[in-house]
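Residue numbers for the first sequence follow this note's numbering, beginning at 1 and rising by one.
Calculated from the structure, these hints are not laboratory results.
Keep in mind that the hints are not guaranteed to be accurate.
The calculated SDA-like cross-link candidates involving lysine to any residue, where the alpha carbons are at most 25 Å apart (straight line), are [to be verified]: (1) K162 with N178; (2) K188 with N199; (3) K204 with F180; (4) K91 with R80; (5) K167 with S153; (6) K183 with L111; (7) K168 with T141; (8) K162 with I191; (9) K188 with C169; (10) K138 with S106; (11) K103 with G14; (12) K138 with K167; (13) K162 with G181; (14) K189 with Y156; (15) K103 with I93; (16) K138 with E160; (17) K204 with N135; (18) K63 with S106; (19) K204 with S158; (20) K49 with L61; (21) K138 with Q113; (22) K183 with T141; (23) K168 with Q139; (24) K167 with Q139; (25) K189 with K167; (26) K103 with N5; (27) K132 with I53; (28) K103 with L122; (29) K168 with E142; (30) K63 with K103; (31) K138 with E159; (32) K103 with K138; (33) K167 with N154; (34) K63 with N5; (35) K167 with N145; (36) K132 with K167; (37) K132 with R80; (38) K193 with G181; (39) K168 with R134.
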Amino acid sequence: MRLDNMLLAEGVSGPEKGGASAAAAAVAAAAAGGSPNDGSIEHSDYRAKLTQIRGIYHSELEKYEQACSEFTNHVMNLLREQSRTRPISPKEIERMVGIIHRKFSSIQMQLKQSTCEAVMILRSRFLDARRKRRNFNKQATEVLNEYFYSHLSNPYPSEEAKEELAKKCAITVSQVSNWFGNKRIRYKKNIGKFQEEANLYAVKTAVDAASVSSQASQANSPATPNSGGYPAPCYTPDG
DNA sequence: GAGCATGATTACCG
DNA sequence: CGGTAATCATGCTC
Numbered sequence: 001m002r003l004d005n006m007l008l009a010e011g012v013s014g015p016e017k018g019g020a021s022a023a024a025a026a027v028a029a030a031a032a033g034g035s036p037n038d039g040s041i042e043h044s045d046y047r048a049k050l051t052q053i054r055g056i057y058h059s060e061l062e063k064y065e066q067a068c069s070e071f072t073n074h075v076m077n078l079l080r081e082q083s084r085t086r087p088i089s090p091k092e093i094e095r096m097v098g099i100i101h102r103k104f105s106s107i108q109m110q111l112k113q114s115t116c117e118a119v120m121i122l123r124s125r126f127l128d129a130r131r132k133r134r135n136f137n138k139q140a141t142e143v144l145n146e147y148f149y150s151h152l153s154n155p156y157p158s159e160e161a162k163e164e165l166a167k168k169c170a171i172t173v174s175q176v177s178n179w180f181g182n183k184r185i186r187y188k189k190n191i192g193k194f195q196e197e198a199n200l201y202a203v204k205t206a207v208d209a210a211s212v213s214s215q216a217s218q219a220n221s222p223a224t225p226n227s228g229g230y231p232a233p234c235y236t237p238d239g
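Could you build the full structure based on these sequences and the hints that come with them?
Listed below in structure tokens is the structure:
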């Protein structure tokens, strides 16, 4: 009866309302392991799908139950008719009913199993954040890149800085951390590839920060990596 | 559709 | 616990 427990836990079987919230709680618990996503939209989406599965499950279950009782009635009638010609013991009737119920419950088991599978697929699809990865918008990456390249000598934002960036970019702090982690490693791995970008943002922040007069005339010379921290492309802020 | 870009996850380290 | 490195899975471009 593992299937029953599983369906109950997922809120597919069991009471209407408590079930749904139980499922949501299960999802929340599973997602709490480190998923940085806010997830309210995903949850409502998940719930909708789960409700759909629930509906199918219950209507099918009802159908089976109805069919079972109909069939049982049918057999009982047959037995009743037969009882005119030969004696039929209550034991025999019981046995027949038992056989019918076993047959139908095995069909129900299949229904439960396929419902379980559907739920599992749904879960894996909705809980695996990688599946619904979205690129950050232009403005967000702009902000992040600006910070990264203006702190190229030490591109490790503090917790507060991360929060600030997260707020600016409308993403979570974990996403900021992920972004910087990825950025650092990828920048280090292939500095050449980021040269252009680095120069761009270096100039941008330079112009932005210090509104000094003309200084953008030297922004296209190739790389001169230094040995400390992270090699800067061609523009070194100071220090 | 192949191939690269990119965000997220995982294993491991200090 | 926060970092790196490798990897996964998807998005995007050609």
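Checklist entry - Does K138 lie within 25 Å of K103 when you go C-alpha to C-alpha? => result violated (60 Å)
Checklist entry - Is K168 close enough to T141, meaning Cα to Cα at most 25 Å? => result At roughly 10 Å apart (the allowed maximum being 25 Å), T141 and K168 satisfy the hint.
Next on the checklist: Between the alpha carbons of K168 and Q139, is the straight-line distance 25 Å or under?
Outcome noted: Given pair K168, Q139 holds - Cα atoms ~9 Å apart, limit 25 Å.
Item to check | Given pair status - K167, K138, alpha carbons within 25 Å | outcome: holds (15 Å)
Next on the checklist: Given the hinted pair K188 and N199, is their Cα-Cα distance within 25 Å?
Outcome noted: holds (15 Å)
Item to check | Agreement of K49 and L61 with the hint, judged by alpha carbon distance not exceeding 25 Å | outcome: Judged against 25 Å, a Cα distance of about 18 Å means the pair holds.
Item to check | Satisfaction of hint between Q139 and K167, Cα-Cα up to 25 Å | outcome: Since the Cα atoms of K167 and Q139 sit roughly 12 Å apart, the hinted pair holds (cutoff 25 Å).
Item to check | Pair hint outcome, K132 versus R80 [Cα-Cα no greater than 25 Å] | outcome: The hint is violated at about 61 Å.
Checklist entry - Holds or violated: K188 with C169, Cα cutoff 25 Å? => result Holds, at about 24 Å.
Next on the checklist: Just to be careful, I want the Cα atoms of K167 and N145 compared with a cutoff of 25 Å; is the pair within it?
Outcome noted: holds (15 Å)
Item to check | 25 Å Cα cutoff - pair K132, I53 | outcome: Since the Cα atoms of K132 and I53 sit roughly 21 Å apart, the hinted pair holds (cutoff 25 Å).
Checklist entry - Does E142 lie within 25 Å of K168 when you go C-alpha to C-alpha? => result holds (11 Å)
In this structure, the earlier hints numbered 6, 10, 21, 25, 28, 32, 37 are contradicted, and the remaining ones agree with it.
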